[in-house]
Every structure is written in structure tokens, then in C-alpha cells.
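The primary structure of each chain is shown beneath.
There are 2 protein chains.
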Amino acid sequence: MNKEYHIAVVGASGVVGRTIIEVLEEHELPISNLQLFASARSAGKTIPFRGEDIVIEELTEESLQSPIQIAIFSAGGDTSKKYAPIAAANGVTVIDNSSAFRMDENKKLIVPEINGKILTTEDKIIANPNCSTIQSVLPIAVIHDKYSIERIVYSTYQAVSGAGQAGISDLENGTTENFQYPIVETVIPQIDVFQDNGYTKEEEKMINETHKILGDTNIGVTATCVRVPIKTSHAVSINIQTTKSFDIDEIREFLANTPGITVIDDIENNRYPLQHEAAGKDDVFVGRIRRDHSIENGLNLFVVSDNLRKGAATNSVQIAEQLIALDLV
Amino acid sequence: MNKEYHIAVVGASGVVGRTIIEVLEEHELPISNLQLFASARSAGKTIPFRGEDIVIEELTEESLQSPIQIAIFSAGGDTSKKYAPIAAANGVTVIDNSSAFRMDENKKLIVPEINGKILTTEDKIIANPNCSTIQSVLPIAVIHDKYSIERIVYSTYQAVSGAGQAGISDLENGTTENFQYPIVETVIPQIDVFQDNGYTKEEEKMINETHKILGDTNIGVTATCVRVPIKTSHAVSINIQTTKSFDIDEIREFLANTPGITVIDDIENNRYPLQHEAAGKDDVFVGRIRRDHSIENGLNLFVVSDNLRKGAATNSVQIAEQLIALDLV
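Chains as they are written, first to last, in this note's numbering: chain X, 158 to 486; chain W, 158 to 486.
Okay, chain X solo, but in the shape it has when bound (with noise of 0.2 Å):
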């Protein structure tokens, strides 16, 4: 294939959009052309790509159109919800990492080892699941194929880049900027706002996203998101329930096997994923993989990602490369 594609980052002076820009470059994608959009503020900006200096443009209405084939967008929801539209009509694929679109019927959410083969042509906004999300699926994903999940419980430990750069400040300043109470003195039980039913959007998100992702809304999910001061990395402690029975070894196998996770799970050695380890990787790392004795079928596992890279930059830029390899663009 020596077709090259015009590819659009809309958001690319953020913490994900220059990620996003890091990924395609180390990703070797076939591209001819990258545009980069950011709001007036950045314009004029330069980010390095391919030895390189892009200048940022400023995003108008006018800006998504042909020649772009492909505009993944991170500059948060309202953003989104404007101008993907407009992208979309214009014949652009968008491939979005806000939540707008995430829960919409008629937009696919896609992480691309578990369910980028469902993508067609029809598709021009393809939703990119939250980040905390993201990790923990890729093995549920598998789990689940082979055991059949009845119930998640999670609980996680979120890095602040998360939260951007107001939230790297924060851990790095000991200021409250971003966040409303210390990060340095406290992990802090609240990502995003409360809902009604006391849930927090977060958690809400990983509940609902993973029902979408695994097209099963049978599964009991349940989740508690909490941020760490850690820079970089989410952490998610993961408890399942399966119907069938299984063999611990054997999940271990199955992990081990599955593209796109690597299992660290070597207690002899206090060796298992840790945050600064898995940071800068695009893989999901898996490991405390151990039977939950307090009930039938149980499962513990502990698991770490990049979540600037798997749970945002990698997963979109994996998503454009499926476009592609199916020819969708």
C-alpha cells in the first residue's frame, strides 16, 4: 500500500494532541499531509513532526474539509460537538477523544483490538472510550470471550495528566489550580462531576462505555475513580466475577497472547505494572492476576497503561491506522 493520507489534529497544543502527534510519528502512519487546529490562543505555534515545524492553525468552520481525510480531535467536548459535525459533512472522518459522541447510538466506540473490525465507510465520527476505560476492557475483552463476565468492580488510581496541564501544575506546584483540594496531600475520590444517583460522570463513564465496547449491557459494572498524585499512568484495581469456571494459568496465557497487553506477574520477583514503567508505552500492562477466593469464579488483576498514550493518543491514532487498513477512508 503507497497510498498516504491527509491527516487534521484538532487540539494539537494539548497534553493529548501532542501526544497524538508523537504517536503518528513513531506509528510510521502513511501520511502526505498534517494539519494542525487549536483554538486562537496556540495559533501560530509550532509543534515538531518528522524533523519538521507545523504551525498551528486556528480552527474555523472552514478548516475540515478536503483534502483531509482523517481529523482526530482532542480539544475537549464543545469542541467536539461543533465541529465534528461540520467535519463530518465535509466528507472528513473524525476520530474523537471527548465524551460527546461516546454514548450516542449511531457513533461506534472503539478500541481497536476488541472492536475495530465493525467500523465501515458509514462511519465519519468514530468515538475514542474514555481512558480508564480503555486499559481495563482490553483485558476484560479477553476475560470475557473465554468465561463469559457477570461483574466488574473497579477501582482506580488516576494519574493528573488526566486532568491536562492544569493537572501536572498542580501535582508539580502543590497548588490547587486544577484540582479543588491538595494532590500532593490527598488522593482525591471525585474525576469529573457528581451525578444525581452519587456516581461521578467518571464513573459513570467507565460503567456505561464498558457495556458499549463489550455490546453486552448485561454485565453487572460498578466503580469508584479516584485521582492519585501520580504524573502519569492510570492505575485500575479490577475484581471479576465470570459464569464458567477457569483456570488461573490459563488466563494468564490468554492475556499474555492478546496483542496490544503485556503481563508483568512475577511475585517471586515483586515484579507487576507500575505507573512509571508503563509510561511513554502504548501497551496495556496486566498483572496481581489472581483468584478472588471470596466468591465462585473470582478474579483479581491489577492493571497500568500510558493514559495519554492507550487511553487516548495511541487508541485514536490505532483507530486511523484501522481506517486504513481497511481501506474506510
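Honestly, the hints are just simulated from the structure, not real lab data. Note that the structure is a prediction, hence the values are computed from the model and not measured. Where a beta carbon is used, it is the ideal one built from N, C-alpha and C, also for glycine. Treat each hint with caution, since some may be false.
Stated by the list, open to error - Reference excerpt, derived from the structure (chain X facing chain W, CB under 7 Å, subset only):
| no. | residue |
| --- | --- |
| 1 | T332 |
| 2 | T333 |
| 3 | N335 |
| 4 | F351 |
| 5 | R445 |
| 6 | R447 |
| 7 | D449 |
| 8 | F459 |
Given chain X's structure and the hints, the job is docking chain W onto it.
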């Protein structure tokens, strides 16, 4: 009651030992004489108590005997195993913070609000539970009493001070003297050593001690224990399934009316338990109280408490207060 008591603290120079001395002073225990013991390394140093400087003495086999009535140990399991039986044989009632006697069938494991009343004059060595367990079982005991608990899933967020001064130093200096990995860059899903079954000792403690304190081994319990880069106070995400159906407001009310518990659960104002707010306080703080819709009679809680206080020093001192109140020494 004008009776006054001769009390000893063993391991007085450690992080927990110093907190015990602070709590003894704050709680105004009727103390006629306070003796402090530690290893030869700390002997000769002084610690203030009620405006006086008390000199730390070296612990020997002759240290713990009449007129000492109560000795509170916090000097590690080896010291407890060696010296607690000697003290007990000399008629001194030992309150032990180590794990040495917790699962001994002939020793009681006490959280005063839950089972302090079971103490008798026969109890010469009384075990103080693991820090994460204490703060978790306090709200759980109330719920178990009213609704009968079937299963508990714990995921912890434990402060570095649980690893003593060396743990605090690793956080403050970015070193790896105590922890194998840099705690400023990653949460660490290992506390204490691994067992053959894949669980850490800390996780097994939470499981076994929950059973023993509640006096009910039928409850399914599983745990994932994780160290986080916070100086003081542990947090625990607790998922519970009860046998009987419950009303969520009733649970909130029962918890709020339990001595030793403060409910902080006002999501309209983003109020929930936080580690820096719990630090230095005796109570267990409970919030994020909400129904888990993934299962019948499911419940989520987020529980925070100062691991050096209720998790160790305060609970030990409260056991001493119980011994005094019941006139057992």
C-alpha cells in the same frame, strides 16, 4: 475513678510509638507513671509528655514487670514475640500493635467500638489489628449488624507512613531506601511480602482480621493493597454485598450515629473524606456512600483514616481505656 495507672510504651521512638505518647496525653489517661522503652540505639533520647521530658530506656528482659500495669508495644513482630510473653508472665497486660498475635486463637483482636466488651482479666496479650483493617471494619461492623454482609471487596490507597520513617523519607526525598520502586512516580501494588497464593501478607491480614474481628468467617472477603505517595492516612474503596435489602439513607444515618465514625458525604458541595483532612484526627471518615447497581444489595463506600491514629496509636490507647473502664488491670 481516681485510680491511676503505670503504663509503658515499647518502641517509643518509632513513628507509631511517638503517636501513642501524643494520644495518651491528648486523651488524658489516668497515668501515674509513663515509662518509655526502645532499642539501645534510641535509649537516652527524650520524648516530651505532659510538659516533662521522659528518657527512653533500653528494653531488656527485666523491663516489663510490676509496677507496670499496661505495656503498649509498637516495635515490630520480633520484639513482640520475645518480650510480650515475658511481660504477660510478669502480670503486665500487653496491647500489641504488631501482627505477631493477631491470628493466635488464644488472643483477642480488638477494635474497642466493635468488640471491646469481650475483654476479660484473662487477656494478658491483646492484639491491635492492621491499620487498613481497623478503619474498614468500623463502618462494616455497623452494616453487618443491620443487614448481614455476604461479601467485601477492598482496594486500598495506603500512606507511606505505614512503612515508618523510611517510607516517609522515600516520599520526601524521592529515594528507594524503603520501597523497591520510586513511590513519587508510581503507586505500588505490593505491601509486605507475597504469599504462595499470590496475595501479599497485607492483603491476607485484611481478609483474616476482618473475619476475626467480626467473628464471622462466612463473609467472603478479598483485597488489593496499594501504596500511594501520600504521607499520612489510608483510604479504602470498599464494595459490599449484603444479604438483607437496605435503604441507603438509613445506612448513612447508622454510620453517622456510630461512635468513632464521621460521615462526610455531601456531593453537592464536593465533600468526601480526604487524607490530609483526616490526618491528626482519631475518627474514621466515611463518604461516597452509594448503591452499587451491578448487583442486588450492593453498596460502595470510601473510607479514610489516619493510619498512625485510629489505625494504630489511637486504637491501642482506646484498648487501654477499655481495660481501665472495665477495671481489668
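Hint by hint, here is what the structure shows:
Using the Cβ-Cβ criterion of 7 Å, the hint placing T332(X) at the interface with chain W is not satisfied: the shortest such distance is roughly 14 Å. Checking T333(X) against chain W: minimum C-beta separation of about 11 Å lies over 7 Å; hint violated. At its closest, the beta carbon of N335(X) sits 13 Å from a beta carbon of chain W; the interface hint therefore is violated under the 7 Å criterion. Residue-level restraint check for F351(X) holds (minimum Cβ-Cβ distance to chain W is 4 Å; threshold 7 Å).
Look at R445(X): its Cβ gets to within about 5 Å of chain W, closer than 7 Å, so that hint holds up. Of the supplied interface hints, the one on R447(X) holds, with its beta-carbon coming within about 3 Å of a beta-carbon of chain W, less than 7 Å. Of the supplied interface hints, the one on D449(X) holds, with its beta-carbon coming within about 4 Å of a beta-carbon of chain W, less than 7 Å. About 5 Å separates the beta-carbon of F459(X) from the nearest beta-carbon of chain W, less than 7 Å, and the hint is met.
Going through the hint list in order, the structure does not satisfy hints 1, 2 and 3.
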